[in-house]
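Protein chains: 2
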Amino acid sequence: MTAVMVTGGMGVIGSLISRELVAQGTRTIVFGRHEDRTLIKRIADSIQIITGNILDLQHLLRIIQTNKVQRIIHAAACLSQQAQKEPFNGFQINVDGTVNVLEAARLTGIERVVFASSKAVYQRPTGKHAHPACEPITEDYPKEPDTVYGASKLFGEYMGLNYLKIYGLDFVALRFGSTYSYGKLTGRHGFAGIPAMIENAARGEPTRIPHRGDRKDDMVYSKDAARAAVLACFADNPRSRIYHIGTGKGTSLSDLAAVLKKCFPKAVIEFGQGPDASDRGRHFIFDIRRAQVELGYKPQYDLEAGVRDYIAEMTEAGG
Amino acid sequence: MTAVMVTGGMGVIGSLISRELVAQGTRTIVFGRHEDRTLIKRIADSIQIITGNILDLQHLLRIIQTNKVQRIIHAAACLSQQAQKEPFNGFQINVDGTVNVLEAARLTGIERVVFASSKAVYQRPTGKHAHPACEPITEDYPKEPDTVYGASKLFGEYMGLNYLKIYGLDFVALRFGSTYSYGKLTGRHGFAGIPAMIENAARGEPTRIPHRGDRKDDMVYSKDAARAAVLACFADNPRSRIYHIGTGKGTSLSDLAAVLKKCFPKAVIEFGQGPDASDRGRHFIFDIRRAQVELGYKPQYDLEAGVRDYIAEMTEAGG
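From first to last, the protein sequence lines are chains H and L. For the first sequence, this note's numbering assigns the number -4 to the initial residue and increments by one for each residue that follows. For the second sequence, this note's numbering assigns the number -4 to the initial residue and increments by one for each residue that follows.
Simulated from the structure, these hints should not be mistaken for laboratory data. Treat the hints with caution; some may be incorrect.
For identical chains, the list gives no copy identity; a pair is met inside one copy or between any two copies.
The calculated lysine-lysine pairs, modelled on BS3-like cross-linking and capped at a C-alpha distance of 30 Å, are [claimed, not checked]:
hint: 1; residue 1: Lys80; residue 2: Lys63
hint: 2; residue 1: Lys123; residue 2: Lys211
hint: 3; residue 1: Lys293; residue 2: Lys261
hint: 4; residue 1: Lys80; residue 2: Lys256
hint: 5; residue 1: Lys160; residue 2: Lys123
hint: 6; residue 1: Lys261; residue 2: Lys63
hint: 7; residue 1: Lys123; residue 2: Lys36
hint: 8; residue 1: Lys160; residue 2: Lys80
hint: 9; residue 1: Lys256; residue 2: Lys63
hint: 10; residue 1: Lys244; residue 2: Lys257
hint: 11; residue 1: Lys63; residue 2: Lys123
hint: 12; residue 1: Lys160; residue 2: Lys211
hint: 13; residue 1: Lys80; residue 2: Lys293
hint: 14; residue 1: Lys211; residue 2: Lys63
hint: 15; residue 1: Lys36; residue 2: Lys244
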């Protein structure tokens, strides 16, 4: 039985990765800064939970060796808003932490490292890729990160590709689109428009957004992202190494409002006429064909299925 | 009198930066891993030499405060070939070291940080920018570093721009073209075609290069690069923040051979017919107009002047 360690494995996406691994019968080691079972309650008895600081290379080495870890899915990160508030700290977690994982992996002969990267490696789309045409971008779209988080993720990809080239370390990076799932609002990911809309609707509270809701983005349910990470962890020949993980389709906040009104007929969701916040945002539709062909990835949640599952998770958690 | 600290200030380019600062009457603090006066003999009595590890943030803070440093030119780096051999070590010096400088600078209220970046942030040129047309590239040319060194330099730029945006830290980065000057062969920079050709010719030894010599590159004499760093350190409004430092002109190894035969009529320099090594290389002509306009930069050494000064420096050093 393969042993996989998930860094950040108690976080929003990390916990879903851990759950997917357990569901597939994989021996799962969950590594996190603090023990927080909120999102991994249902698998807590089936996994090994280890707390530690990813900046401590010696500790990482010991954990890997003691637990006979064979593959690593590296999902631990300081999130974007936090990294922009505390760039030095964000840099350490996202860059030093990632390079520590790579170095520990090559020193211990780890079979593969999967790295959770992000759409933040890109700047705003332009031309035909921007609103309203929103043509999907491929992984070759120019990278111009303008945040600490985005620059850190891009550097993590570059270092991984160099570890592959220099040492033969098997490295794969997934650039996630705009993921949504239960947990993002509960202290972990700061303000997030999509979760706020969903949770307000579920609780019978109104949502009023000052801008228009017509900008399309690639909103992917986190369970699809998590399954992609597990596919990437075991794929036979991930030769392109860098993959977009999204839906390949454009979804707007107005689309989300329509789905929420279907689920909760009394939901009050109002948009204003101000410029869409996404005028300044990083709204892309991802071309996901590379992941489909090489990883066997196929999103299983359309928007309505994602929303309904979100609410089921929220209800189960007592949220 | 402004106090400027030069990290890597005893290295090949760093020593020329230190000399230029001293020549301008600036109080100069030279920071290096080891004390090595080889390239700073003539200014050793005019500067403060401090040894230390750039990875030690607390030490950096103490040096800055004790010496009342006001501006920093950050030229310390693990060079490309070395970083590719030892990626973890190269990463620490180039990335952790640079972020330490930025963090120390913002904590101590440093007035400006100038960062020595590199053409290594780019991959090989394509289309009209490639051989034989070799149209100059601007600073907006797509960045696709494929080495640890190049990725580290690019990340340093991104972090600097974020420190500017977040904290207002005054940050400028210079992307140097293919610099050449005395010192690169003496154990510091590994094999370097240009210095080898020059030093062989000066010593009456032949140079035989297996490939053609017709690929053009932007070869800039390191004293021009060093003066650019000092200009960038004091420029009134370096609003573009990122600048190409080269000559703006294409120079081939055949051009260099012609100059060397003029300086040393008996020089033997032979080229073969194999594919030019630069087919795989990063040979660019830099558009330098941004540096000319915003920094007042103007290269003062054409190829012959650079070669003659190189030989004068070599002779003085007893090389």
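For each hint, the structure was consulted:
1. Lys80 / Lys63: between (37 Å within a copy, 28 Å between copies)
2. Lys123 / Lys211: Classified as within: same-chain Cα gap 13 Å, cross-chain 35 Å, threshold 30 Å.
3. Lys293 / Lys261: Neither. Shortest intra-copy (33 Å) and inter-copy (69 Å) distances fail the 30 Å Cα cut-off.
4. Lys80 / Lys256: Neither: 36 Å inside a chain and 58 Å across chains, both beyond 30 Å.
5. Lys160 / Lys123: between (34 Å within a copy, 29 Å between copies)
6. Lys261 / Lys63: Neither: 52 Å inside a chain and 65 Å across chains, both beyond 30 Å.
7. Lys123 / Lys36: Cα proximity of Lys123 and Lys36: none, with 44 Å in one copy and 58 Å across.
8. Lys160 / Lys80: between (34 Å within a copy, 11 Å between copies)
9. Lys256 / Lys63: neither (49 Å within a copy, 63 Å between copies)
10. Lys244 / Lys257: within (20 Å within a copy, 64 Å between copies)
11. Lys63 / Lys123: neither (48 Å within a copy, 52 Å between copies)
12. Lys160 / Lys211: Between. Shortest inter-copy distance 28 Å satisfies the 30 Å Cα cut-off; intra-copy 37 Å does not.
13. Lys80 / Lys293: neither (35 Å within a copy, 39 Å between copies)
14. Lys211 / Lys63: Classified as neither; 44 Å inside a copy, 52 Å across copies.
15. Lys36 / Lys244: Classified as neither: same-chain Cα gap 32 Å, cross-chain 64 Å, threshold 30 Å.
In terms of the numbered hints stated before, the structure departs from hints 3, 4, 6, 7, 9, 11, 13, 14 and 15, listed from lowest to highest.
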